[in-house]
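Let the sequences and hints guide you as you build the complete structure.
What follows is each chain in one-letter form.
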Amino acid sequence: MPEAVEPKILAIFCNWCTYLAADLAGTSRIKYPANIRVVRVMCSGRVDPQFVMDAFAKGADGVLIGGCHPGDCHYQEGNYKCLRRFELLRRMVKEMGIEDERFRLEWISASEGDRLRTVVTDMVEKIRPLGPRQTLTEVTQ
Amino acid sequence: MSEEIRTGVYTCHCGSNIAATVDVKAVAEYAAKLPNVVVSRDYKYMCSDPGQDLIKQDIREHKLNRIVVASCSPHLHEHTFRTALAKGGLNEFLFQMVNIREQDSWVHLDKPAATVKAMDLVRAAVCRVALHKPLTKGSVPIRADVLVVGGGIAGIHAALTLANAGKKVYLVEREPTIGGHMAKFDKTFPTLDCAACILTPKMSSVRAHPNITLWSYSEVTQVDGYVGNFKVTVTRKPRYIMEDLCVGCLECIEACVYKEGKFVDEFNMGLSKRKPIYIPFPQAIPQVPVIDPETCIDFKTGKCKKSCVDACGERHAINLKMKETTEIIDVGTIILSTGFQVFDAHRSPEYGYGVYPNVYTALEIERLVNASGPTSGEVVLRDGKRPKSVAIIHCVGSRDEKNNRWCSRVCCMYSLKLAHLLKEHTDAEIFNFYIDIRTPGKGFEEFYQKLRNEGVHFIRGKVAEVTDWAFDPSEEGKLVIRVEDTLLGFARRIPVDMVVLATGLEPHADAQEVRRRFNLTCSSEGFFLERHPKLAPVSTFTDGVFLAGACQSPKDIPDTVAQAGAAAAEALALIDAGHVEIEPNTAFVLEEDCSGCRTCIPMCPFSAITFSEETKLASINQALCKGCGTCVASCPSGSIVQNLYDDEEIFAEIEGVLSNA
Amino acid sequence: MSKPKVAFYWCASCGGCEETVLDLAEAVLDVVKAVDIVFWPVAMDFKESDVQAMEDGSIAVAFINGAICNSHQRHMAELLRRKAQTVVAFGACAQLGGIPGLANMNHHKDLVEAIYGSDAPQEIWKSNGYELTLPRFADKVQALDRVIAVEYYVPGCPPTPKITQQALDALLGGSPPPKGTVLAPDQALCEDCPRRETRPEKLLIKEFKRPHEIVADQEKCLLAQGLLCLGPETRSGCEAPCIKGNMPCTGCFGPTSRVRDFGAKALSAVASLADSNEELDIERILAPIADPVGTFYRYSLPTSLAGGKFTK
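Residue numbers (my numbering), protein chains in the order written: chain A, 28 to 168; chain B, 24 to 684; chain C, 1242 to 1553.
Take these hints with a grain of salt, some might be off.
[Said to hold, decoys possible] Here are the computed lysine-lysine pairs in the DSS-like style, where the Cα-Cα straight-line distance is at most 30 Å:
| # | chain 1 | residue 1 | chain 2 | residue 2 |
| --- | --- | --- | --- | --- |
| 1 | B | Lys-408 | B | Lys-425 |
| 2 | B | Lys-639 | C | Lys-1403 |
| 3 | A | Lys-121 | C | Lys-1403 |
| 4 | B | Lys-344 | B | Lys-408 |
| 5 | B | Lys-285 | B | Lys-296 |
| 6 | C | Lys-1350 | A | Lys-85 |
| 7 | B | Lys-501 | B | Lys-485 |
| 8 | A | Lys-58 | B | Lys-425 |
| 9 | A | Lys-85 | B | Lys-639 |
| 10 | A | Lys-85 | C | Lys-1550 |
Just so you know, the hints here were simulated from the structure itself, not pulled from any lab data.
Pasting the structure below:
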């Protein structure tokens, strides 16, 4: 039996809310699984679906986008643009064989270090039983 | 010809903060083998001078042209390291920071996993930084005028500091007078200075200061723009008395058809009555009455003989047709000092507030002991009798899982102060019921000792209930405090005449709205969030907006004033610099590539993108662009790029983080 | 001096690209005048053995259309690569994977079974004493440049005669463009769109429609009418024949050089236009886009970042 591989989650967090929540989790010494790798962007509105597809294609077991709560975007409404793309992208990603659990958009404010822990922990726990996944490209090679 | 990329990677131990969980040496060794990496070091404290010198020296000796530092959050030290690059002769943006403290060593327990994570993140940064381009910071001029929102002691102090420094200040207060909560206090702890004696001169200075424009009874309703150039809309509620014509003689109040006050006097916490035309308290600033349309007969029926207007006579200061007006001002910086609201004691029904007339809140007692209060300083119960015994219950609405979990910081001390004043005024027996006595301030502990020597009782225990259910004749007609005395170890019943609830401090009910208006963040309990709890305690994540006083967290007067001074100093630092540097992370349109499809235009909430009818292309106004990158992600043909967050840079980071080399 | 030799070949394609060459009309005579066509199975009687017999590198340009989905196509592509100095991926299938590339949403075995049921042809096929070896399906459909090196790309499903002519001129002329070039402009189609002026400056969409649901205005921007037109995402060069025919662009010219994944980028731009900030409302607005993969990856699934469906 192959060795159980820890899932690797690519997180794309906005600078002003979720990235700060992750910093707050740190200063509060809140513990969560070491499965996520955070890429910082200024706003969740910057998240290009190409980044998500690229992450899955490059082997990410999950992609987590984190932005400010509705109404709280540092840039007023970038998070809504992110939400619009997410609604369509999650359907496409699902059609392409990615389980729902692997792709999430979460609103986590700068004060919600604890919520960050909850989300990451939950995501890791839900992805782990799904096992590793592959791209069609890898199957062929 | 493309330059050879020569990257230096520096992994910080942060003492043991990082090194205890991440194998820093292994990370540094790993980084040394990554592409383009010429130098890889680990160091105890990268942010220290020797740490920064290391970077500068390596730039020179190893001809480095890219730098990666793996240490704490970029929100903490990105600026530090960028400055080090600049001093080392390298463009400061040829730098990438890796957060292996807040987002790695501090949040994980599994050392090997945390180390692998650090390696992944370093690899991502090394991939990304190779694509970085030299950039120049933008600069925007700062308007010298300042807006201060909230005219309590914090706003007053900040406004005066700035005005004394020669800056023009707009002070906006939503109540009819400035002064805030402090104006209601009798004495201040622990020195027992008379609050009015120290506050009212400052209030008068505000009125008299040529550099301060005071708009009371007004609210900020809209904020546009950004640091250096805020456009602020202030809505001025009609007070029906023209401030510029009123001389403050108050004859109109005297002349009102109501001979006595009939309506709840908000300033005295409902312990007295006021007329429909009133001034909150004698030293109110501005010294201009206000008419309450909810209670004024003329507003309700149109059938008043308007004796106030007659009394005003030739001055014609009363205008019953006054309408709400708006003012639009341009300011460069904003100080928010909107204060707090007091916990509503009804929310702790076990203490009987609103049920038993002789249960008071602390603020009500402040008014009762005040010589200019409703009883002229006479402490009497509702029936006019003087209390012989008083219970002060601490932590009402604070340190309470059912209500607010935080400590309100001032209640222990003001309870001690009230205990002293009540004893002084009534010679009653005073019982303090506390969870812990917290006296961490200059002279606080000494004050506590003084109270103990004065014979005030301190009973450690959270009060279970205030009841009028007498068990024996000694309790008849009294309020009984039911409490477990945790020092003696048994439940007690203590009958008293008067109960004082030391209610806590909490964010204003509309703090969330205000927060959105000023584009701020709140911490979990709802107070405005500072940029950094230690290093930027009065700054916010919105450049040019500063915090002072209890809107940031509960605090006493000395701390509030200190913070107000700090906020004023931060504003002054910006103003006197004349301009502020802005991140060059703006987006711009590649003109040769743009097809003029206009998809980007509705993406921008700042109207920074316009379509030129001449060139048939989109273009982005660099002064208006805030650098969110939403248009970049939406551009269907990839014809908008963003500095520092270019597609290729992010792709490189993703690839780096996911490739298990 | 002998004329340069040119070859045309088709792999997994529909034949449309071949039609394009014929659609050069009279100009094809100029082509024939200028070059020697040495291999063109659809129109001329040359055999593989004729190509085998040629010297390596003796063909100036080989135009290969169609995606690569079986062993024979790969073999022919490799053969032509050897014989030709320059290989052009001709048309959307060769460039991006094309319509046949949508097969990458399924395993090829499942596809064969879905089409032939239990009667699927075997690799060795025997009938009446004859034996035939059929080409073997590749595990996935690929664009030409994932199988052999390709110098140039001519986009389109099919490429228009005009850009085909331009490609021939460019390649046979004195100064060929840099290798790797897509022989079409690098801006999006809106640049060329006859309806460009009618797109509102701030267009957001409350309801997406499908072409059969409305009678589209002949003058107005199709996107502004709620039709999913991929003109803003798609490379120009076609001169907008679909839009002139009152049909929205489906993206056959593929992305500009600045976009890595046509489908994801197109999805991003399109979804961003949904005129709501409420989750359920956004879902409702985007619901008419029933098949995102088929819509956005119609021509480019094999060259998308994922290449096809993810599997366990």
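Please list, smallest to largest, the hint numbers that this structure does not respect.
As far as the earlier hints go, 1, 3, 4 and 9 are violated by this structure, in ascending order.
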